[in-house]
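Please model the complete structure; the sequences and the hints are all you need to start from.
Heads up: the sequence lines are chains L and U, in that order. Residue numbering for the first sequence is -13 to 236, as defined by the working numbering. Residue numbering for the second sequence is 3 to 318, as defined by the working numbering.
Since the hints were made in silico from the structure, they are not lab data. All residues carry an ideal CB built from backbone N, CA and C; glycine is no exception. Just to be clear, a hint being listed does not mean it is correct.
Said to hold, decoys possible - Derived contacts from chain L toward chain U, CB cut-off under 8 angstroms, selection only: (1) Ala64; (2) Ser74; (3) Ala107.
To be verified - Restraint ranges, calculated between C-beta atoms of paired labels, are given here: (4) L:Leu154 <-> U:Pro130: 27 to 33 angstroms; (5) U:Leu195 <-> L:Gly230: 56 to 62 angstroms; (6) L:Thr121 <-> U:Ser4: 20 to 26 angstroms.
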Amino acid sequence: MIEVQDLSYRIGTARILDNVSLSLPRGGILALIGPNGAGKSTLLSLMARLLPLQQGRITVDDLEIGRCDDRDLAQCLAILPQSVQAASRLTVRDLVGFGRYPYHRGRPGATDRQLVEEGLALFDLLPLAERGLDTLSGGQRQRAFVAMTYVQDTDYLLLDEPLNNLDLAASRALMARLRDLADRKGRTIVIVLHDINFASAYADRVLVLKGGRLVADGPPEAVISSALIETVFETDARLHLVEGRPVVLV
Amino acid sequence: MSRPALGLLLLCLLFVGSLFVGATPLVPADLLTAEAWALIRDSRLPRAFAVVLSGAALAIAGQIMQLIARNRFVEPMTAGTGQSAMLGLLLVSLLMPGAEIGVKMALAALAALLGSLGFFAITRRLPPQEPLLVPLVGIVYGGVIGSTAVYIAFQIDLLQYLDIWMTGEFSGTMRGRYELLWVAGGVAALSYLVADQFSILGLGEAVSLNLGLNYRQVVLSGLVVISVVTGLTVVTVGAIPFVGLVVPNLVSRIAGDNLRRSLPLTAMAGAALVLASDIFARLVVHPFEVPVATVIGMIGAALFLWMLYGRGQHVS
Ligand SMILES: Nc1ncnc2c1ncn2[C@@H]1O[C@H](COP(=O)(O)OP(=O)(O)OP(=O)(O)O)[C@@H](O)[C@H]1O
Ligand SMILES: [Mg+2]
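Structure below.
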């Protein structure tokens, strides 16, 4: 269970997050949506201790962010940041292998290796395993980082726009895998999405952030509406129900 | 034959060859005489060790600095670390002239550490989309510290010392006068124990934190390695530029960025580059010699330009 209480964050005088409270029980996919600059990445970064807490409190199970051991947290929660620029010449296999670092601290065992191979296979990275990250296409690199987060094998996964650069097939495959992780292994996945159709198709719960405040929270059928698109995203895209699911016509 | 084995063989050949190069003629046939052995023991072997140790340690220091800065164009000797070590040494000579060499070296390393911290404090604020700003700022920053040192040295009439520290050369290396370099080599070798942590640093702060790394602590330990290596090299043989820049770049192209695999290659390549340059420095105006820093300056600049223009064209 992740609990966020009265979380605020400012940069200078700008309020980036304004009194956000939420509670995420274990299991399921939670989609975080909202316009550019709403504070989604900031919220995720705070939850994963990538930014220092200013005001409020975040707990992940019995770990309190800012107080708990970094290594304990790394075995419980993993984050894929929005923009990982890597000009690194690490190979894909090495990168994915570092996902196991919180467990083996430099001495990988048989389980670690096996999980890495599984991760590579699961994200169709085996043919690229020996390639350097600097030689990959944007989508291939994104898949490699997702695979690294996956082999970290944590109960909580925070993914900031993981569909960036992915083609339709790869996007659907990734979402299906996340669905599977949530359903069969009881993982809790928080995912920032810009494509509302993906949120409506795969998420159990949708959270809407605007101007640093939570403005809506609930199952996709309840949250995603013409009114939401007009007031939150300030555009007039039409919404249709297809097979009982809200679909945005772009 | 594997790459590391090939590299090791080349290094051994250079090492043995270097024992027979110098002002006093020496050929393998002389090895039957006691004088020859004394020459080797007191001068040639210490020199060869000094060259290998400083070359390997500087290359490793450069590689670590590039990972911390996430920028392939920085190295300790041009980004303020080396200049800070000299400034520190100068201040020690001024304020505590009678200090032992161990104390001097510790203070030089401390000054180098402060200088590197300053460098990273400044370059952290630079926009990441302008990678060339980092080395440029480094050169300016190093230049300011270096000029301060020159000014002080001029005032207190110690310019000749500064000159020795600024231009690395091995002609004065003798038994009893280079052993500090073993410490530099040892510290650089220790970094192999945390090679994974340094490799992860190269992926950035967010990824490091996500993997449970104590980011600040790992960065600080990297800076300590860089500073000790740079400080000790400057004290013992003087500044040797470009090794920390060119070697990690070459090795990264050939062997990638996983330090567990590439660090031994970096060490060997650094040692081989300085050794080859030092042999050349002894031969080019034989029986005199030129400072190795001058030779490396030329070879390094040429290699670096070649790397810049060949950038992004490799397929692996
Ligand atoms: N260093 C900074 N200085 C000033 N403002 C900042 C800084 N970093 C972030 N912000 C502001 O904080 C706000 C929230 O940023 P955040 O990255 O959390 O948005 P986001 O919802 O993830 O947006 P996107 O969908 O574009 O990724 C934005 O308005 C951004 O301009
Ligand atoms: Mg964002």
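A quick look at each hint next to the structure:
Below 8 angstroms, beta-carbon pairs count as interface contacts, and L:Ala64 has one with chain U at about 6 angstroms; its hint therefore holds. Given the 8 angstroms rule on beta carbons, the hint for L:Ser74 holds: about 5 angstroms separates it from the nearest Cβ of chain U. A distance limit of 8 angstroms between C-beta atoms decides the matter here; for L:Ala107 the minimum to chain U is near 21 angstroms, and the interface restraint is violated. Range check, L:Leu154 to U:Pro130: about 30 angstroms between beta-carbon atoms, so the 27 to 33 angstroms window is met.
The given range of 56 to 62 angstroms is respected by U:Leu195 and L:Gly230, whose C-beta atoms sit roughly 58 angstroms from each other. In this structure, L:Thr121 and U:Ser4 meet the distance hint of 20 to 26 angstroms, their C-beta atoms being roughly 23 angstroms apart.
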